[in-house]
Amino acid sequence: MLCDVFRRLAHFQPVETYRYVGFGSVWFSDFVLFHRALGIRDMLSIEQAAQSRARFEANKPFAIEIDFRSSSQALPELDYSKPQFIWLDYDDPINISMVNDVAVIARRASSGTVLVVSVQCVRPPDVAEAERELATDPHAISATERFSARMNVDGVIRVGSDLEREQLSNWAFGELSRSIFYAEVDRILENRRLASPGSAVSYRRICDFEYEDGAKMTTLALVFYSEEDGPRVEACHFDNLEFLHPDGDPVFIPTPKLTPREFRQLESQLPLPAGADLDIGHIPVGETRRFAELYRYFPNFVAAADGLG
Amino acid sequence: MTEILPNDQIDAEPTKSFFIDMLTRDIPLDQAILDLVDNSVDGAKALYADLGSPLSDRWIRLEFDKDKFAIIDNCGGFGRQAAREYAFRFGRPEGSARTPHSIGQFGVGMKRALFKFGRHFVVNSATANESWKVEVPVADWERKSAWTFPITALPTNSPVSESSPGTQIIVTELRAEVASRFTQSNFQNTIFDLIKSKHRQFIADGLTISVNGRHVDATSLLLLTNDGLRPGICNLEWNDLGKEKITARIIVAIAPSNPKQAGWYVVCNGRVVLEADRTPVTGWGLLEDSKNRLLVPSFHNQYARFRGIVFFDSDDSALVPWNTTKTSVDQDNKYWREVFDRMIEMMRPAIDFLNELDADIDEHSRQDSPLNQYVSKSASVTPDALRATAAFNAPSRDRFVKGPKKVTIQYARPLDDVMLLQDAFGVQSAKAVGEATFDTALRKQKR
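Protein chains in written order, with numbering that gives the first Met the number 0: chain F, 0 to 308; chain E, 0 to 446.
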């Protein structure tokens, strides 16, 4: 899906001339995808696990540059004069250093830069901490207070005191996490606009995603643009990406539990002719939900299983 | 038109734009909003004082976005005379009446806020007997030499009227930096949280306040009591000749452990001025001048259970020790000086107890400390319930029967080895590995 998003940025400049910045891990799967599908050549992976440098170097599939520092050290030093795709693909629930990473980028991003942020959204560690302490002290600090205290630092109230416990679980937590990131971008861009209106940028939300990749995850994607590039953003027509909800709700990517044979059976009917229904045979309806719209975007492991089958 | 002055005179009359700039410069945007809420609260308090109408019948609604700021209340409004004599005058005229027990600064707060927000404002107000409107396009007003505002009749479609008295203020043509902050959810959260903490007492008494549709609910400070654990309470009163009475109630207590809520709270006429203060202003880290030793330690998380609250009350709001922006205390105020000395005196036994508690936790761990268990099991009370003068009381560690003296062991080992033993012993933490290996070794040695 991100490939489809990125492809539309050709209205800013040819996609293959963008720089891709990601957290490659040892798999570099995003790098492989964007290199193959979009032809991006200039790539940087930020990887803090410096003790096994050799392993990362040995696993990188192409001439990918690796910065073995923390994101908070590496991100301020990126070359923001050229447009970049930056994907902050965190494995953990939102924390303040992630919010600060997003702020670093928003403070510097030039028009045409795309920022994608992924976080886990099962629940923050505050919930377990509070439960553990409440077991012995009925007046222990609640999970919501703990979470607010971690987020509301540097004089910025990122989480209001009307935060509810339910907002710290599952998709509601994903929604809260996204809203904190968006509010941070808002805040930084407004400060930028007031201080130097000439080089100010705005942002356009492209899409929010929710999916289960072992754990519940959420991703947001946005593009920064200057006033003068406004027409280019319009030309990208992000709003008619086929997987988007018309009402702007996050796109939920289901993980269908299908055998390779069932997967092939469904896929062979697609794309569907207008008005036709998918013949699902003996497959439970729940597993085929949104299959016709989203089959191109199912996680790689589904396709891999298919390949092995 | 500028008058021609004689040669020995210099025209020093300020321009209006300079005046507005000076008036609005030093007030932070969030405090300017709180000033307007304070005025509404004063209206609500006056309705209670004059007619016994409870705060639970009163509401204040704030709405702001990139285009406008609006506040509307049903708190009684103010009459034409008040508008002419105080509300729109710059500075309070000598001898003018004051609202008893007020929290607002009628002479400054409203205009300062209006000019701070934008370049066009409308104030509509109605009491049960009369109503009026003032509309000021600021650019036009600046061009005119007269320091007057036109007061006109309330339009018929106004949401406030003599049958539903209250005040409505709308500011448009917002200043760019103001509009920018109004749109940010962080700023909306800031206002929400400030109202929640600064107007805590009025909300708890039933006043309804909403910010952009979000209802601000009441929270109360919870203090702990138990047999043997009792808050210290001190009541002071001054009746200076020719002045209104002023009272202070000081409470020092142990509370649920919470580093963000710990510290001193100062409440003037119901309005919270300082909250969870852990700075030298309320005595933390205070040196004893003559000996250069600490009288009160600086705040540390072991004092996360400390709460101190001071309530000042006086019908004359000029006597209570707040600074002009109500963001702190006026440290030169003589009543504050006297209360401050009492605060230091009262916090020392509480600090001593928390040091004992910390030592007990060090020895037994947080979970197993008998003293911490005792405190955690205490019942909670609100400061409202604590009125009569009483000395702070807390149990000593000796009161709790303890087992043999214990000591904490701390050491580091390679993570992989610890994980191996964690697995082998079937335990969940590094701490449990340490305890299990110790117990195993002890069994072999001890007969």
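Be aware that one or more of the hints could be misleading.
So these bits of chain E aren't anywhere near chain F, every CB distance computed over 12 Å [unchecked claim]:
| # | residue |
| --- | --- |
| 1 | 18 |
| 2 | 186 |
| 3 | 191 |
| 4 | 215 |
| 5 | 376 |
Distance ranges between label pairs, derived from CB positions [claimed, not checked]:
| # | chain 1 | residue 1 | chain 2 | residue 2 | range |
| --- | --- | --- | --- | --- | --- |
| 6 | F | 58 | E | 66 | 31 to 41 Å |
| 7 | F | 226 | E | 341 | 54 to 64 Å |
| 8 | E | 51 | F | 226 | 41 to 51 Å |
| 9 | F | 152 | E | 409 | 28 to 38 Å |
Just so you know, the hints here were simulated from the structure itself, not pulled from any lab data. Note that the structure is a prediction, hence the values are computed from the model and not measured. Each residue gets a CB set at the ideal place from its N, CA and C atoms; glycine is no exception.
*Non-conforming hints, listed in increasing numerical order*: 2, 3, 4, 5, 6 and 8
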